[in-house]
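Colleague: For this one, chain A is given, so just place chains B and C on it according to the hints.
Spelled out from the first residue to the last, the chains are:
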Amino acid sequence: MGQQASLVCSDIEVRYGGNHVLKRISCEFGPGSIVGIIGPNGSGKTTLLNVISGWLKPNRGTVRFGERISGLPRELLARNGIFRSFQTARLFESLTGDENVGAALRPPQDERLVAALLLPIPERDDRRLSVRNALDVVGARDEHEAPAQQMSYGMRKRTILAQATVAQPTIALLDEPLAGTDPKTRSLMIAAIQRLKAEERIVLWVEHDIDALAAASDRLLALDRGTIVADGLPMDVIENQGVRDIYFRPL
Amino acid sequence: MNAYLAHIAVEVCILSMLAISLNLMAGYSGLMSLGQMTFYAIGAYAAALLAPASGLGYVIVLPVAIFLAMALAFMESAVTIRLKEDEFAIATFAMHIAFWTLLMNWTALTKGPLGISGIPPITIFNITLDDPTKFVFLAVVSLIAMQLLVARIIHRPFGFLMRMVRDDEELARNFGRNTRRFRTSVWVASAAMAAAAGVLQAAYIGYVNPSSFSSMESTILLAIVILGGAGTYWGPVVGAVIIVCVPEGLRFLGLPTTQADNIRQILLGGVLIAAAYQAAFTRRGALSLSRHGAAS
Amino acid sequence: MQIAINAGAYLAIVLLVSTAFFFQYRLFRYFDLSLGAVFLAGAYAFFFLTSLQVSSFVAAFSSVATAALVGLLFYLCLIRGLVKMEASSLAMTLCAFGFYIAGVNVIAMLFGDEVIRAPDSALSASVALGGGVASVSQLLEFVVAICSVGLVWIFLATGKLGRLFRAFGDNPKLANEIGLSSNLPILVVTAWGAALVGITGVLVVADVGVRPSAAFSYLIPGLAAVLIFGAKSIGDTVSGALVVASIGETSGYAFGQQWRDFAIYISVALILAARTSLLGINR
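Residue numbers (my numbering), protein chains in the order written: chain A, 1 to 251; chain B, 1 to 296; chain C, 1 to 283.
If we strip away everything but chain A, and leave its shape as in the complex, we get (with noise of 0.2 Å):
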């Protein structure tokens, strides 16, 4: 995939069980932005994410970013620079925050049988290093090695937070990291998304809280039902007039 390059969805268009979820969507994302992504439930934000990130192949439409990648498989996206996170706050559950944050960091060449049956325990003094920074990064060092089942929610999103840190993506999907922590907590993790921001990657995330959003993001995207509805400077994006309609929408 092409440094410095673009990320380029044209015309996606997803149905999903006689939904029609995605209608024709196209944007553009430079490299070196934070872009949030709002919306209300349903609106499609999940399932651009999804379409992105080679979870779902969409019906019409393509993602480029230099070259074609969408229809390719999840892992071979994942291998190459994407980072996707998920609104369940979905871990490995039986492993510890350590291990959580490691399985982040690109997969190694010897995790395969073949190396397992002929080479020996390699070290792993820099990866465990990089995965330490990450949990400092978000404040989450003291519960980090407790397996994931036993972690608080608030505790589950840092985790997630630093495993978005420690894999060092091009491209980082964050779906709802702020949502269920508390204040202060959030504090920490919007300063963590910030320090995402890189000359050569991308982060979109999908948001509810307006003010975290304004305060981390170069560019706010609203949908709604599928299509865009503005797209700009944060501030511009949240006093629209038609944004302000469909998230106040009388009932």
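Keep in mind that the hints were calculated from the coordinates and are not lab data. For each residue, glycine too, the CB sits at the ideal point set by N, CA and C. Some hints could be false.
Restricting the straight-line Cα-Cα distance to at most 27 Å, the calculated cross-link-like pairs of lysine-lysine (DSS-like) are [as the list claims (entries may be wrong)]:
#, chain 1, residue 1, chain 2, residue 2
1, C, 232, A, 57
2, C, 160, C, 232
3, C, 84, C, 173
4, B, 84, C, 232
5, A, 57, A, 23
6, C, 84, B, 84
7, A, 184, A, 197
8, C, 84, C, 160
9, B, 134, A, 57
10, C, 160, C, 173
11, B, 84, C, 160
12, C, 173, C, 232
13, C, 84, C, 232
Computed footprint of chain C on chain B, listed as stretches where at least three residues anywhere in the stretch have a Cβ under 8 Å from a Cβ of chain C [to be verified]:
#, segment
14, 86-100
15, 210-218
16, 259-273
In silico negatives: residues of chain B with every beta carbon more than 10 Å from chain C [what the hints assert, rightly or not]:
#, residue
17, 2
18, 32
19, 152
20, 207
Modeller: Coordinates of chains B and C only, in the frame set by chain A:
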């Protein structure tokens, strides 16, 4: 050493090896296979067909048996590569019962239900292992070797991959892991181990027939692994010890052999039911039947 | 003609068993292998009663009732609990398998491993048909299967039962929460499926005989029928049964009867592999 005790020890060792092979797949990696007996049978029948007929020593027979088992495992993995856990179990079960039907009906090769007898014993350093007190040493050494192999695997990065996939296969893919290749690797390794156990069994007993590898035996093996503790290091051995020794105990109490066998199987059926409940209750359970378990 | 008779009888068996699988799969999304125990319950109850000189009519009726009872007890005591706990499909399938293993062994302990056949009765009498010979059992299999499919279709297409099936199939969590798993229609359907399998057991033991290990060769084709086209409707299962019966009979005819089952078993694995490739947006 008492020949009877040696015989029990040999049975425990061979069953342990078989359970260890399934534990690698189902316990450590979350791939619930109901067809592991296929590879055990390949080992046993390879020994039965190759050892006496061609006079090949077991030095040749063992690698051939392992190779055949690995080849079949590779093919089975290709067929089932994207199946979810319940379909995966049914598919492995179906493939196994198909293989068993083949053993029963391809009489030209396998002599069907009659089985093949006259399998020569193993000879090491000019000692012929033709009775339990001699064979037991080979059995124990083989078991230790297999456990060392498993220990090596689980402490390497591959072992970490196993834990990831067992917890959540889709999430492992999300982090760039090639879980197709993983499944195939585990399956092939597991098949090789089962085949080795099969070769030993055939060489020990001197006779094979399809009934030892029936469709239920394979599911029962999974129950044995669960009983001893799936995904634990000594679990398969514990399960094997229980399953071999309890019927022997019942026999001492005067229960006829076939009845003991039936009771053993009924108890193992109960183990599966209990495991299902435990998995549902804890959402993980001994089988790691979690919401996002392997093959889901 | 004889070929057609045998094929028809086989198709009938596949239809009966697959209907029972269809019910459990459509409702609860699992593979109800306990039906193997139900099959044996029906067969051995009939064998037992007719060996005691009970009239075949009474024996048949009682055996089917026994089979229905076994199926119902399995559901009430084991499956319902798992459904309420939102157990995974694999857990429920293994539970069913465990029940089957226990059941087969109980039968084996009581009756032994050998093939048994009910004493000659009205059911085993032969009837000349066209150029061939059919047993009354075979004819009954066919008749019952057709009637059964018709009944299922009527009850599912119209009214309450259909809605119940759709409720469970579409949103099992919600169905659970409103207590549908103990709903009387579900119990009726479960007993009905078990009764169909019980009838199959009775007719088979009266005709060719059974042994404990033979249950799978009657069970797996039924399972395969449900797998081929999925279980959206009984029509899918019927189509599946037609395909499975064709595969089985053709293989049996071409390679010898003993290969019929082999062909079916291999087909199950291939069907699962194929439908995974065809289904799914992106696996």
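Colleague: Would you assess whether residue 2 of chain B, listed as outside the interface, keeps its beta-carbon beyond 10 Å of every beta-carbon in chain C?
Modeller: The claim holds: residue 2 of chain B sits with its nearest Cβ about 31 Å from chain C, beyond 10 Å.
Colleague: Just to be careful, I want the Cα atoms of residue 84 of chain C and residue 232 of chain C compared with a cutoff of 27 Å; is the pair within it?
Modeller: 23 Å, holds
Colleague: The segment 210-218 of chain B covered by chain C? Criterion: 3 or more residues, Cβ-Cβ distance below 8 Å.
Modeller: The restraint on the segment 210-218 of chain B holds, since 3 of its residues have a Cβ under 8 Å from chain C and three suffice.
Colleague: Would you check the hint for residue 84 of chain C and residue 160 of chain C, treating anything up to 27 Å between C-alpha atoms as holding?
Modeller: OK: residue 84 of chain C and residue 160 of chain C at ~22 Å, within 27 Å.
Colleague: Could you grab the alpha-carbon distance between residue 160 of chain C and residue 232 of chain C and see if it respects the 27 Å cut-off?
Modeller: 17 Å, holds
Colleague: Are the Cα positions of residue 184 of chain A and residue 197 of chain A separated by 27 Å at most?
Modeller: Measuring from Cα to Cα gives roughly 22 Å; hence the hint holds.
Colleague: Quickly compare the C-alpha distance for residue 84 of chain B and residue 232 of chain C to 27 Å and report which way the hint goes.
Modeller: Given pair residue 84 of chain B, residue 232 of chain C holds - Cα atoms ~19 Å apart, limit 27 Å.
Colleague: Are the Cα positions of residue 134 of chain B and residue 57 of chain A separated by 27 Å at most?
Modeller: Violated, at about 61 Å.
Colleague: Cut-off 8 Å, C-beta pairs, minimum 3 residues; does the coverage of the segment 86-100 of chain B by chain C stand?
Modeller: holds (count 9)
Colleague: Within 27 Å, alpha carbon to alpha carbon, are residue 173 of chain C and residue 232 of chain C?
Modeller: With Cα atoms ~18 Å apart, residue 173 of chain C and residue 232 of chain C stay inside 27 Å; holds.
Colleague: Tell me whether the statement that chain C covers the segment 259-273 of chain B is true, taking a Cβ distance below 8 Å and needing three residues at minimum.
Modeller: The restraint on the segment 259-273 of chain B holds, since 11 of its residues have a Cβ under 8 Å from chain C and three suffice.
Colleague: Compare the distance between the alpha carbons of residue 84 of chain B and residue 160 of chain C with 27 Å, and conclude whether the hinted pair is satisfied.
Modeller: 32 Å, violated
Checked against the numbered hints given earlier, this structure breaks hints 9, 11, 18; the rest are met.
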